[in-house]
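Just need the whole structure built from these sequences, with the hints factored in.
As you go down the protein sequences, you meet chains W and F in turn. When we follow our numbering, the leftmost residue of the first sequence carries the number 1, and every step to the right adds one. When we follow our numbering, the leftmost residue of the second sequence carries the number 1001, and every step to the right adds one.
Hint data in this document are derived by calculation from the structure and do not stem from the laboratory. A hint or two may mislead.
Claimed, not checked - These stretches of chain F come out as covered by chain W in the derived footprint (C-beta under 8 Å, 3 or more residues):
(1) 1042 to 1051
(2) 1082 to 1092
(3) 1096 to 1109
Each residue gets a CB set at the ideal place from its N, CA and C atoms; glycine is no exception.
If you want the building blocks of each chain, they are given just below.
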Amino acid sequence: MESKPTWYYFAPTLLALGGVLVAANAYERPGRMGPWGAAAAVLAGMALALGAVTRGTQENAGRRRAAESVRAAIVFGGLILVFTLSMTLAKALGTGETGNASERVTMAILGAFLVFTGNAIPKALAPMSGNADREASVQATQRLAGWTWVVTGMAYALGWLVLPRTVAEPMSFVLLPAAMLLIIFQVVRLRRTGQRTA
Amino acid sequence: MSTGGEGGGGGGGLTIFRYLAKYRGMDSVFKALSDPTRRRVLQLLRQRPMSAGELSEHFPVSKPTMSAHFAVLAGAGLIAAEKTGRTITYRLKMSVVEDALLGFAHTLGWGKKKGAEGKAGGNSGNRWRAIKKEA
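Structural data, given as structure tokens:
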């Protein structure tokens, strides 16, 4: 039987850790059952999604890729949840005021997720259309989208880690929409070129 | 997992990196990028997908040698091949990190041997055997 790589166990480990942290938080602050219930529901949803992709057939390359992206999303989502719950628990236990470190790290994890997803964009290939010009445009658009997303994610993560909050906040408001607009513009241009050549 | 018998001692840090590279399948990527001909193939494919024949025209090497290069690149997951009729079309399948690595490899001239320039076609038998072994 093929052995699974270590990262394969990240998602279930993070979900289990998240469950423990929700229980610990609920024990420490039983008066706020709403947020703990919501966190538990999110964790349960993630566990269900993980179970579905783990049980699903992996014979087809497209399905395998989809399962991997779901797994990656669960890892990043789990990281954010675990970190936030740990900070909340630390605060409840009075082990030190962390300022806005929780927010900064959460944003940095989001940036890392953008880098991760952007990195994989040029690798996701659709079946070839047979039109050489269109193929070249599709490839160029995918590469541009991938690079844009990766650079945006890196800037986003780094910005939230090192810049003052007053700068990091407007930066993220500008960076993400700008990257999205650039990618949308390229996709629209690609579609128009495709319609002209068809 | 064996890491090539490097054991403990001073090479510990490097061993971890080698282990990670091997574990994440990156060793095949580094191997593929270490050859100037294969890097040139990837650079040509950056422009547009091309058939095996079109790509081969750019290199003074035999078709079997080129096929072996294509096999190494496909094995590393850097290119994808699609067969339509009798034509095999290759296209890029590089992630952003791999694309950046290609840029670094090209800038730093990985795998370039002194006097190797322009000798790609020479002694193609030995070269083909070496590439086949790599693949």
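Each hint tested on the structure:
With a threshold of 8 Å between beta carbons, the proposed coverage of the region 1042 to 1051 of chain F by chain W holds, since 4 of its residues qualify and at least three are required. For a cut-off of 8 Å, the count of residues in the region 1082 to 1092 of chain F with a CB near a CB of chain W stands at 5, and the three-residue condition holds. Remark: the region 1096 to 1109 of chain F is confirmed as covered by chain W, as 3 of its residues place a Cβ nearer than 8 Å to a Cβ of that chain, reaching the required three.
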